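Protein chains in written order, with our numbering: chain F, -14 to 328; chain L, -14 to 328.
Everything labelled a hint here was simulated from the structure, so no lab data went into it.
Keep in mind it's a predicted model, so treat the numbers as computed, not measured.
Glycine residues also receive a C-beta, built at the ideal position from the N, C-alpha and C atoms.
Be aware that a few hints might be false.
Computed footprint of chain F on chain L, listed as stretches where at least three residues anywhere in the stretch have a Cβ under 8 Å from a Cβ of chain F [claimed, not checked]: (1) 144 to 156; (2) 194 to 208; (3) 226 to 237; (4) 244 to 253; (5) 270 to 281.
Protein chains: 2
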Amino acid sequence: MKNDRFLRACRQEKTDTVPVWYMRQAGRYQPEYREIRKKYSLIEITTIPDVCAEVTMLPVQQLGVDAAILFSDIMVPVGAIGLPFEIKSGVGPVIETPIRTLDDVNRLHDFDMEQDLGYVVETIQILNRELDVPLIGFSGAPFTLASYMVEGGPSRNHLKTKAMMYRAPEVWEALMARLEKTIVHYLEGQVKAGAQALQIFDSWVGTLSPLDYKRYVLPAVKRIFAGIQHLDVPKIYFGVGTGELLTQFPETGADVIGIDWRVPLSEAGKRVGDNVAIQGNLDPAVLLAPWPEIEQRAKTIIDQGKQHPGHIFNLGHGVFPDVEVDTLRRLTEFIHEYGRTSL
Amino acid sequence: MKNDRFLRACRQEKTDTVPVWYMRQAGRYQPEYREIRKKYSLIEITTIPDVCAEVTMLPVQQLGVDAAILFSDIMVPVGAIGLPFEIKSGVGPVIETPIRTLDDVNRLHDFDMEQDLGYVVETIQILNRELDVPLIGFSGAPFTLASYMVEGGPSRNHLKTKAMMYRAPEVWEALMARLEKTIVHYLEGQVKAGAQALQIFDSWVGTLSPLDYKRYVLPAVKRIFAGIQHLDVPKIYFGVGTGELLTQFPETGADVIGIDWRVPLSEAGKRVGDNVAIQGNLDPAVLLAPWPEIEQRAKTIIDQGKQHPGHIFNLGHGVFPDVEVDTLRRLTEFIHEYGRTSL
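Here chain F stands alone, though its shape is the one from the complex:
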C-alpha cells in the first residue's frame, strides 16, 4: 500500500502528516454520486460490486483522503438477519415490523457473510486490488442498530428503545446478544475479504445517561471488541453527543475513539486518555462557512490533535449534501500541508 498514514495514526505511530478521511465521504454532495443514484437506490448500489466499489473509490480520487470506507448502510446486516427495512428519502431507514417481543428477536436468523452478503465480499475484493489507501469496513453498534429495530425508524427520543431496556431487560439482552453475534461475523467477514480497519458506528448512543450506557450497552460493545480482537486491524468506535460517555469508551477495547464536534479535541483527549488514538472533530456544518473560517477551525483541531498520541482528522459526523466538493478537496490539502508543518 502506498499510503499507510491512516493505519499508522490509528496505531499511535509517527506519521509524515495528519491523516484525514470524512464520514459519509461518498454521498449526495458529489455530482457523480447523484448521477449514479438516478440509476440505482442506495441499497441497490451496495449489492452491485463494481458500482459499489466505484462509489467507494470516488472520494479517494476526488479529495485525496487517506482512507476509503466501504459504501454501505448500517442497516444492511439487519436486513440480512431477516428484518426488512426501507430507506425513505428525507427520513432514513424505516422498518414496518419493529422488534418488540422475545418472539420478534427469536425470529431473526443467524448471519452468514458469504451466503447473505456475498456481494459485499466481492466489492471489498475489487477495492483491495484498486485502492492505494486502506479500506475501512464498518458496522452499526448494537444500541444504534437496536434503536432503529425497536423504534421502527429514526427517533429523537429513543423512548421505545429505552422503555425496552428498563421494562423488558430479557428482550433487550436477547436483542443485544443476537446483534453481537451478527456484528462480529459481519466485521470478521469484511476483514477476511480485505478490509484493513474497522469502524463501529454507535451514532445515537449519546442519548443515554452514563449509567444507562454502562449498564445496558457497554457490556455488549465490549463483547464485540473482544470478539474481533484477533483481527489484526485498527478498530474505531464512534458516536454523536457522547461527551459524558468518553471516559467509558476506552473500556470497550477500541483502538481509536471518534469524537463529535461538541467536545473540544483537547478535552476529549483527556477524557479518553493516552492509550487510544482520537478521530475528529470538525462540525460538518462548518463546511458551509467561508473558507478562512474553515481553515481556522481545522488549524485548531490539528493543533489540539497533535497533543494526543494518534490523531486522525475527520468530521464530527457525516458530510451534508449541501457541501461543495471543492471545499472538501481544499480542506484535505490544507490538513496534509498544515499537518506536516505542525508535527
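For this one, chain F is given, so just place chain L on it according to the hints.
Chain L only, in chain F's frame:
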C-alpha cells in the same frame, strides 16, 4: 403564598425539602388534558384565559408540585411579531415562510404584550389569584426560536441556522437583536402580570460547539438576562445536550441552570459553580421504568443535588405522553419525603 420552597431554592436559600416541578407537567399524559384537547388546539388553549389557567393548575392539584409553569408554546411570541406558525401533530411547530434574509427579519413587528398577548396577561392574573405555589413564566431563547424560524420547523442538524450564522452574520445578528427585544418585553410582561419566576428555554442550543455558542449565541443571551435583571424574580436557563456549554452558562446572568440527563448532577454542579442553583435532571424516559428503578435514580439525583447550594428537582427534558399520572404523583411524594430526610 403558602409554598415558596421553589423560590427559596432558586435563591440558594435553605428549604424544608427539595422542591420539584416537571417540564411539560401539563400535557398529553394527563387524561383531563386530553379531554380539553378534544375541544381546543394547543394554541387555542393559550388564548382562552380560564381554560389556560385550568390547564396550568391541573398538575399542581394532581401531582403536588412546588411550582406551576404557564401553559403556552415557545412559538407564541414568534407568532405575535408576525411570523405565522402551525403546530403539526407529531412534528412540532412548522413555519411556511422561514426567515432567510435581512428583509425577512425587518418585516417582523415590534412586540407589545398588552396588545399582542392580552390573553396571556389575563391568564396570569387568574393564576395569581388561584395558585398557592409560584408561577413560572417563560420564553424560548433566541437561538432556539431562531432555529425554528430559519429551518421552518424542528430540525436534527440545524444546518440552515448554522449556515446563516457562518455565511450571513448580519442577518443572524439582526434576527438575534429582534428576538432579544421581543423576549425581554415578553418576559417583563409576564412578571408585571404576576409571574414569580422565569425560565428561558434554549432547548436546542446543545447542537453548537462551545466556540459557536460563545461567538453567536452567548452575547444575545447575556443581553436578555441584562434586560430582565431589574425584575426581582429568579431566572432559569435551560437547554438539552449542553454538557460542554455548562461552564459558559453562569456568564449568562441566570440564577438557576437547568441540566439535562446526560451529565451527572454532581459533575454539572462543578461545571456551573456554586454561584448558581441547579435544576434537574432525571431522564424523562426513566419514568417508563418500574418504580424501584425510578426511586433509585431520584435518590441519586437528590443525594448529588444536596452537595450543591440550591437544587430544584426536575426532569432533563419534558414529560412524555406515555407516562402515567400516578408515576409522577408518586415521584413527587418521594422527592418531598426523601428530600426532607436528606437535607
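Check of the region 226 to 237 of chain L against chain F for coverage (Cβ-Cβ below 8 Å, three residues minimum):
holds (count 3)
Does the region 244 to 253 of chain L contain three or more residues whose Cβ lies closer than 8 Å to a Cβ of chain F?
Satisfied; 5 residues make the cut.
Given as covered by chain F, does the region 194 to 208 of chain L meet the bar of three residues or more with CB within less than 8 Å?
With 4 residues close enough to chain F, the hint holds.
Taking a Cβ-to-Cβ distance below 8 Å as contact, does the region 144 to 156 of chain L have at least three residues touching chain F?
Satisfied; 5 residues make the cut.
Between the region 270 to 281 of chain L and chain F, see if three or more residues pass the 8 Å beta-carbon test, and mark the coverage as holds or violated.
Contact hint for the region 270 to 281 of chain L vs chain F: holds, 6 residues under 8 Å.
In summary, this structure violates none of the numbered hints.
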